[in-house]
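Visitor: Sequence:
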Amino acid sequence: IAASIPLEMVDGKHFTGNDPQAESVLDYLAVGEHLRWCASHQINGYRVGPRKQEDLKTHTDIVPYEELSEPVKHYDWIVVKTTLEILGK
10 IAASIPLEMV DGKHFTGNDP QAESVLDYLA VGEHLRWCAS HQINGYRVGP
60 RKQEDLKTHT DIVPYEELSE PVKHYDWIVV KTTLEILGK
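Its first residue numbered 10, the sequence shown is counted upward by one per residue in our numbering.
If you're looking for bench data, these hints aren't it; they were derived computationally from the structure.
Do not rely on the hints blindly, as some may be mistaken.
[Unchecked claim] Lysine-lysine pairs mimicking DSS-like chemistry, simulated, CA-CA at most 25 Å apart:
{"hint": "1", "residue 1": "K22", "residue 2": "K98"}
{"hint": "2", "residue 1": "K82", "residue 2": "K66"}
{"hint": "3", "residue 1": "K22", "residue 2": "K82"}
{"hint": "4", "residue 1": "K98", "residue 2": "K82"}
{"hint": "5", "residue 1": "K61", "residue 2": "K82"}
[Unchecked claim] Simulated restraints, written as ranges between beta carbons of each label pair:
{"hint": "6", "residue 1": "K98", "residue 2": "V19", "range": "17 to 27 Å"}
{"hint": "7", "residue 1": "R60", "residue 2": "M18", "range": "19 to 29 Å"}
{"hint": "8", "residue 1": "G41", "residue 2": "A12", "range": "15 to 25 Å"}
{"hint": "9", "residue 1": "L65", "residue 2": "D20", "range": "32 to 42 Å"}
{"hint": "10", "residue 1": "L96", "residue 2": "V19", "range": "19 to 29 Å"}
{"hint": "11", "residue 1": "I95", "residue 2": "V40", "range": "17 to 27 Å"}
{"hint": "12", "residue 1": "E79", "residue 2": "R56", "range": "18 to 28 Å"}
{"hint": "13", "residue 1": "E79", "residue 2": "A31", "range": "18 to 28 Å"}
{"hint": "14", "residue 1": "I87", "residue 2": "G54", "range": "21 to 31 Å"}
Every value quoted in this text rests on a predicted model; they were computed, and no experiment measured them.
All residues carry an ideal CB built from backbone N, CA and C; glycine is no exception.
Construct the complete structure from the given sequences, taking the supplied hints into account.
Guide: Below, the structure written as structure tokens:
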């Protein structure tokens, strides 16, 4: 399944496989990864800001997953891909 998540989006898609159920599960995992990422940043004092600034602890992507651009969402898909590869899936 991990092989069906391309490193770069293909034709605007995060998933290149033919199994809609697998795609749905992977999308769910990507949303969960984004929630985890947001929580870890918020716990460390980050807040949403107009741009990413480490010194001010602001980041543009501390927003609901649905508000992210597709290329930014793909980062979460890559984390899912990497996790699956580590697990040998």
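Visitor: So which of the earlier hints does this model not fit?
Guide: Result: no hint breaks.
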